[in-house]
Amino acid sequence: MVLYLLDMLGVAVFAVSGALTAGRKSLDLFGVIVIAVITAIGGGTIRDLLLDNRPIFWIADPTYLVVIVAAALATLVYARFRRPPRGSLLVADAFGLALFTVIGAQTAEAAGVSSIIVVLMGTITGVAGGVLRDVLCAEIPLILRREIYATASIAGASVYVLLNDLAPGSQAAILVPMGLIFALRLAAIRLDLHVPPFKPKDREV
Amino acid sequence: MVLYLLDMLGVAVFAVSGALTAGRKSLDLFGVIVIAVITAIGGGTIRDLLLDNRPIFWIADPTYLVVIVAAALATLVYARFRRPPRGSLLVADAFGLALFTVIGAQTAEAAGVSSIIVVLMGTITGVAGGVLRDVLCAEIPLILRREIYATASIAGASVYVLLNDLAPGSQAAILVPMGLIFALRLAAIRLDLHVPPFKPKDREV
Amino acid sequence: MVLYLLDMLGVAVFAVSGALTAGRKSLDLFGVIVIAVITAIGGGTIRDLLLDNRPIFWIADPTYLVVIVAAALATLVYARFRRPPRGSLLVADAFGLALFTVIGAQTAEAAGVSSIIVVLMGTITGVAGGVLRDVLCAEIPLILRREIYATASIAGASVYVLLNDLAPGSQAAILVPMGLIFALRLAAIRLDLHVPPFKPKDREV
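Chains as they are written, first to last, in our numbering: chain C, 3 to 207; chain D, 3 to 207; chain E, 3 to 207.
Watch out, some of these pointers could steer you wrong.
[Unchecked claim] List of simulated lysine to any residue pairs, SDA-like, C-alpha gap at most 25 Å: (1) Lys27/D with Asp167/E; (2) Lys27/E with Pro143/D; (3) Lys27/E with Glu141/C; (4) Lys27/D with Ile142/C; (5) Lys27/C with Val137/E; (6) Lys27/D with Gly114/D; (7) Lys27/C with Leu31/D; (8) Lys27/E with Leu188/C; (9) Lys27/C with Leu193/D.
Hints in this document: simulated from the structure, not taken from any laboratory.
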């Protein structure tokens, strides 16, 4: 139940981030909705395809699509009358990354795969929606920016695996990694934190 | 049978649009064919993966691939000797969008999913091939252009759902939405029609 | 067994090519690893999804992921202290293309699909990982460059089908097309070989 509500919240915030990104591209209203839908369901869809979870979550329960369309429309209306708070796209994206990473890891664990795959599935679930959004909008993917992005997702998914091993099914195993990912992203954005970039000795590769 | 022939026609026109787009990129002959194939089968493949329709349509019936390769080669030969008619890429794309949206919606309906998902699957089927073509060719996706694109697809898929509800399995339920999508796209291109873009109050998001 | 070792080698060289490409983009360490993983498993994952081979190869056997992460880390360390040999990215990519094309064709053949689909699956398996790498890194996909790329993959997959028909299961049916693809790519890069580009009579399409 908590997982279900978090999942709804996750698709809603990614729908908002999709709508905000698409809105900057002068797409028409329905184009914005399509991008919002793809952003919101992209990560979970790839997760379900890879794990062969059938039917895909939004086919099994169309409530997701209703929530996504409503969130996208609300974003459209809000943005028409009031300026979105500064940095709202990055915050929505950080929140979606945190939610989807943990949900993805949890779903993978439920499918009985090994720990390294739980971490990878959490990361792919977390980043795929945003990557699809950026590729479709011809933006440089957020994942490419120097600040801790995939790192936050991998760290959170790993902490989830550890905590869930110690206390299976506990709320802490869900909330702690979510908080960690969200905090890492916000800190990275505000303080311009980053792990050292990989610099090859010579660009001539 | 009608569905089958329309599907063949759909892959052929998307193969033409893929070949024309790829041809402008100075790819070699086989690169053009690969892009044509991916453009033509992309939408239906994603549809079949999401709905778990197995085997995928072109694996079940390789005739599709023969038609696609033939259409791509014919486009190559034609374009070598005669100038393609003005706007031919946009017309081929509009026709493919119309065909694939309706076929995608029809396939989804046959799988017994709910109406909102029928509309979404029609739209994804219609736009995915062209999006893959544009992303692979490093073009700005057509879906991003301001003129009615996803809008046409959503409108057509919705009309399909309504008509098919009134008169299940009728030809009209197939032909009317197809005509609508095609007409909307052509009108949008010729008359520079567009629904109002979503403009956030402030770009600072 | 030979297939298994070649597959491991294939993911390792694509992990190296992913790490080298990502490294040029100033991603952080974990971002590089994510790109390396996606580059290395992308082709085989799409193959397994399309053929409905379950579970996906790297979910069934996480050794792949360990090899990929190790190869990416080794690339990071090496590149930090020594300059990667000139052209190393192109050579790693050529080797990965050769391996994955043949492995993809072989897997498709084992699934009992028709010859044209064996060739297409080999090509998609071979090029998809590199295309994902390039799209995620916002590079112009290698497949778009004029030199023989998809052509090499199609030629190799076709030769595989022919040889495997003459001598089913022979080592030659694996090694000859692999050598052909690798040689074609190296020759194309060094000698600036290319098949004539498709030039439409008029760009006005």
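| said: For a C-alpha distance cap of 25 Å, please report whether Lys27/E and Glu141/C respect it. | reply: Measuring from Cα to Cα gives roughly 15 Å; hence the hint holds.
| query | Within 25 Å, alpha carbon to alpha carbon, are Lys27/D and Gly114/D? | reply | Roughly 41 Å separates the two Cα atoms, so the pair is violated.
| task | For the pair we were handed, Lys27/D and Asp167/E, check the Cα-Cα distance against 25 Å. | result | violated, 36 Å
| Does Lys27/D pair with Ile142/C here, judged by a C-alpha cut-off of 25 Å? | holds, 21 Å
| said: Holds or violated: Lys27/E and Pro143/D, Cα atoms, limit 25 Å. | reply: Answer holds: Lys27/E to Pro143/D is near 23 Å, not above 25 Å.
| query | Taken at face value, is the distance from the CA of Leu193/D to the CA of Lys27/C at most 25 Å? | reply | holds, 21 Å
| Would the pair Lys27/E and Leu188/C pass a check requiring their Cα atoms to be no farther apart than 25 Å? | The given pair, whose Cα atoms are some 22 Å apart, holds under the 25 Å limit.
| message | Lys27/C and Val137/E were given as a pair; does the straight-line alpha-carbon distance stay at or below 25 Å? | response | The hint holds at about 19 Å.
| said: What's the verdict on Lys27/C and Leu31/D, does the C-alpha distance respect the 25 Å limit or exceed it? | reply: violated, 34 Å
Checked against the numbered hints given earlier, the structure breaks hints 1, 6 and 7 and satisfies all the rest.
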